[in-house]
Each structure stands twice: as structure tokens, then as C-alpha cells.
Amino acid sequence: MEKSLSWREFIITRLIQSSGYSAVIFVLLIFFFLLREGLPTLSEVDASSLLSVRWYPIEDYFGILPLISGSLMVTLGAALIAVPFGIGTAVYISEIAPRWMREILKPLVELLGGLPSVVLGFLGILVVSPFLRIFLDLPTGLTAFTGSLLLGGIAVPTIVSVAEDALDSVPRAYREGAWALGATRWQTIWRVTLPAARSGVLTAVMLGVGRAIGETMTVMMVTGNAPVLALKLGSLFSPVRTMTATIAAEMGEVANGSTHYHVLFLIGIVLFVISLIVNIIASSVVFRARKRAERILS
Amino acid sequence: MAALINNTVDIVNASRRIKQEEIDEAKKNGVEPVEFIVARDAIAVIVNPKNPVNELTLQQLSDIYSGKYTNWLEVGGEDRPIVRLSRETNSGTHVYFLETVLRLGNKEDKTLFSTDTLLLPSSEGIISEVRQNPNALGYDGLGYVPDDLKTIAIAKEEGGAFVLPSISTVNDKTYPIARDLYMYTNGEPTGVVREYLDWILSAEAQQIVAELGFVPVK
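Residue numbers (this note's numbering), protein chains in the order written: chain W, 1 to 298; chain S, 1001 to 1218.
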């Protein structure tokens, strides 16, 4: 009896262990694959050509700066929309809304998160972009801002869902303590509950931004895909081309092993590195916050 | 084309002729591309019906798409910015338009699309943008253009006759932006692939080609 138990224990431990390692191994394998397919670019294309501002791969213009700036512009816009809106919604659902309202709102927000991005893209082409063109008097409604709006819509459910869970797990005693000291409801939310749930809320923001930068279908449909270098704030209201849309639009027709193919993988590496940096910054901020909390409590 | 070169399909449809470098690439993989012209297609230049411009010369179109003209006023329209729409760079239509219109068929010409040209991934994207935006100028295969958009009449050169695309103007070669459509096989086709291609070139299939808004080869 005892023997079979320890055997079961052994097998289960190994199973859990290997599934834990497999996540790391998969990421490493993907990164290795990206490097193998993308690095040949550096010997095939000059750095000056890669860092130029013209992307026209069928005539060997491989300037990736417009694509990077396009992705950053759309993602930044999406974050500016989704973060305040998402955290605000999470605070409302978790702290302010009555119980029956919360039970309606939370599933509804999560339903929004399940919307396929192609459907949002259609909505963007047929409703949002014509509306923005007329409302803001733009030459065309297919702009970075249209992409930001829709990506914000995609990121909000992720942020709300994760941030609400984090706020919900803040012990009730914290809020009661604040109220007992005479804090108003707003002071309690802003000074006590939100800081206490900080690491969870930050994770929510990072997951949301991660969804936005990796999103492909919607941006390909609504941002116009014009490879213009976006530097000014005004570029938010003109068409841009993102890295993800470029890979998606061009990978299907590119000859395997050609220079263009390698450059597309290099763009994949750049995307990978950007999201890695975002994650590292986020986890270091969370780590530091936790350290300080431990110091205060001890 | 990529699929043909990698030898994963029996027949590949293409709206442009295969390039020499692609033939070399294919031969490296043991693929021998054989060409069939199965239909003709005219590229219609389209604008929103609210746009008063009815006709353009090839030179004017080239200057618009290369970024020289940026306002409809400069080609006889209203005071509106021109929003240039194009298919993605990997589309045969894009390459054909670049060679025939932007570079006016001149192989030495290195004119490129203006960088702010919107590259849309589908015909539907171009059509829905032209339908709702009076600033837009787009192009697409004649077979894809719905009736509620305005087709521009094109003149080959300054002072020439402005011609609208149609089956007759494509076949008598008066409409300047028309091209052949191809199918490629790996080696001389045999068996079912042969039968299929024979049928494609038969009167029955060419009738269907005409019904779909393309131009029959016979």
C-alpha cells in the first residue's frame, strides 16, 4: 500500500515537473527557430538598408523602421485607451457596483473578450472607420487611431478580468481599516485597495498590452497598412503598417529561404524582443513592489 | 507561386507571369513550371460616385500613385485630398499596376508607389473604402467591381481617347490596363490535371469566365 502510494507520488511529481519545464523548452525552441530563420538577414541586407525608411520588399527595400514605429504607435494608443478604461471598469465592478450588477457585468465583459478579432475588424471597416473619417474630418478612416480604438477594445476585457480578480483578493480588513480611519470611499480605493492589488493590476496591464501588440487580423484590416514612418503625434491619425500585419500579409506568398523570407523572420525576432522587454520591466516592477510590501509588514 | 516552387500543389493560379528567378528557384526544387493562359482581366480604376472626375490619362494615374499629385483639384476634381488605395505588394494585381501604370511599361523606370499608399489585403477592403470615402482612388480586377462604384475611363496618352473597360475594349486592346491570367503546372500535365485544363480552355468554361466579369481568351 505504502509502496504504490510513493510510486504514484513519484510519477505525478515527474509529470508536473516535465509540464513545467516544457513551457520553458517551447519558448527556447521558438526563439532558436526565429534566430535560425531570421539571422541570415544580417549577412544578406546592409544595416543601413534595414534602418532606412522605405519598406517595399518586392524591389528589395527592407527598411523596418516604419513597421516598428507603426506597431509602437498603435500599441501605445491602445494602451492609453485600454489601461484607464480597463482599470476603471475593474474598480467599478469590484468596489462600487452592487452584487447583482457585478453578476451581470463580469460575464458580459468576459464575453467581449471572446469576440473573434476578424469580427472586430469588420466592425472597424464598416462602422468605426467611416465614422472617424467624417467625425474627425480625416482624408481616410483607416488610421493608426482606428486600430488603437479596436485594439483597446480587445485589451479591455483581459485587463478587467485579471485586475478585478486582483482587487477582489485584497482582504476586506484593509478596506475596513481605511474606513475606520475616516477615509472616503475614493481615498480607500486609490490609496489602499489599488496599491494592495498592485502586482495583479500590473500583470493585467501587461497581459492587455501583450494582446494589443501581438494582435494581427484587426490591425491589418483597419490601419491602412501604409509603411510610413510615424514620428509625430499627428501620425496617429494617418495610416500606418504594423509588424504583425506585415508578417501576416506577406508570409503567405514569399519564397521559402529568400531574403524577404529572412527579413520577415527578423521582424518576428524584433517583436519577440519587444514583448520580452515589456515582460521583464513588468516583473521587475512587481518584484520591487513586493519587496517593499514585505519590509513594511515585517 | 511559393506553393508551386515548394512543389506542394498540382496547379497554381497566378495573375502575373512567373519571374525568371522564380523559374530558377523552382528548377532547383525539381519543379518544371508550364504556363497556360486561361483568361484575360482588365483592371478597373475606381472612385466614389460622388467624385466628379470621370477620366484620367495613364500619366496622370502614375503621377497620383507616385505621390506627385496629392489633391483631386490637380486632375480636374474637387478640392479634396487623394487617398491612394492599392492591393498588397504580393498580389499580382499590385505588380501589374506598378509596371503598367506607375512605370508606364518602361522597364528602366524605377518609380515606386508613394509610401502613404494604403496597402489593403483584399479586394473587399478596397471596395468598401471606395464605397464610403469620396477621397479614395483604387483599382481592382474588373470582375470584382460592383455597380455602385464609378469606373474611370483611361487614355493611353495625353489627347488619346478615354476608354472604359469592357470585354470588347479589352479584346480589341483599346483599354490600356488589361492582362493575361495564368495557371502553372509542374511539367506537362497528365491525367486529371490535363482533363481539368482542357475543360478550362473549352467553350463551356470560357462562357463561365465571361459570366464572372473576366474576358475569355477565345
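No lab work stands behind these hints: they were computed from the structure. Fair warning: this is a prediction, and the values are worked out from it, not measured in the lab. Treat the hints with care, since some could be wrong.
[To be verified] Simulated crosslink set (EDC-like; lysine to aspartate or glutamate; CA at most 16 Å straight-line):
| id | chain 1 | residue 1 | chain 2 | residue 2 |
| --- | --- | --- | --- | --- |
| 1 | S | 1027 | S | 1147 |
| 2 | S | 1019 | W | 253 |
| 3 | S | 1173 | S | 1148 |
| 4 | S | 1156 | S | 1063 |
| 5 | S | 1050 | S | 1032 |
| 6 | S | 1173 | S | 1188 |
| 7 | S | 1068 | S | 1032 |
| 8 | S | 1107 | W | 59 |
| 9 | W | 106 | W | 95 |
| 10 | W | 106 | W | 165 |
| 11 | S | 1019 | S | 1180 |
| 12 | S | 1110 | W | 60 |
| 13 | S | 1110 | W | 59 |
| 14 | S | 1068 | S | 1088 |
| 15 | S | 1019 | W | 59 |
| 16 | W | 232 | S | 1116 |
| 17 | S | 1019 | S | 1099 |
How the hints compare with the structure:
1. Among the hinted pairs, residue 1027 (chain S) with residue 1147 (chain S) is inconsistent with the structure: their alpha-carbon atoms are about 44 Å apart, more than 16 Å.
2. Using a Cα cut-off of 16 Å, the hinted pair residue 1019 (chain S) and residue 253 (chain W) holds, with the two alpha carbons roughly 14 Å apart.
3. The suggested pairing of residue 1173 (chain S) with residue 1148 (chain S) is violated, with an alpha-carbon distance near 26 Å, which exceeds 16 Å.
4. Proximity of residue 1156 (chain S) to residue 1063 (chain S) is assessed by CA-CA distance (about 14 Å); at most 16 Å being required, the pair is judged to hold.
5. The hinted pair formed by residue 1050 (chain S) and residue 1032 (chain S) fails the criterion: a straight-line CA distance of about 49 Å is larger than 16 Å.
6. A C-alpha spacing of about 30 Å is found between residue 1173 (chain S) and residue 1188 (chain S), which places the hinted pair above 16 Å, so the restraint is violated.
7. Proposed proximity of residue 1068 (chain S) and residue 1032 (chain S) is contradicted: the alpha carbons are some 42 Å apart, above 16 Å.
8. Distance hint between residue 1107 (chain S) and residue 59 (chain W) is fulfilled; the C-alpha atoms sit about 13 Å from each other, no more than 16 Å.
9. Pair hint residue 106 (chain W) plus residue 95 (chain W) holds up; C-alpha atoms about 13 Å apart against a cutoff of 16 Å.
10. A C-alpha spacing of about 11 Å is found between residue 106 (chain W) and residue 165 (chain W), which places the hinted pair at or below 16 Å, so the restraint holds.
11. For the hint pairing residue 1019 (chain S) with residue 1180 (chain S), the CA-to-CA distance comes to about 15 Å; that is within 16 Å, so the pair holds.
12. Among the hinted pairs, residue 1110 (chain S) with residue 60 (chain W) is consistent with the structure: their alpha-carbon atoms are about 12 Å apart, no more than 16 Å.
13. A threshold of 16 Å between alpha carbons decides the hint, and for residue 1110 (chain S) with residue 59 (chain W) the separation of about 9 Å falls inside it, so the pair holds.
14. In summary, the hint linking residue 1068 (chain S) to residue 1088 (chain S) is not supported, as the alpha carbons are separated by about 21 Å, beyond the 16 Å threshold.
15. Pair hint residue 1019 (chain S) plus residue 59 (chain W) holds up; C-alpha atoms about 13 Å apart against a cutoff of 16 Å.
16. Between the alpha carbons of residue 232 (chain W) and residue 1116 (chain S) the distance comes to roughly 15 Å, so the proposed pair stays at or under 16 Å and holds.
17. Pair hint residue 1019 (chain S) plus residue 1099 (chain S) holds up; C-alpha atoms about 13 Å apart against a cutoff of 16 Å.
In the structure shown, a violation is registered for the earlier hints numbered 1, 3, 5, 6, 7 and 14, in ascending order.
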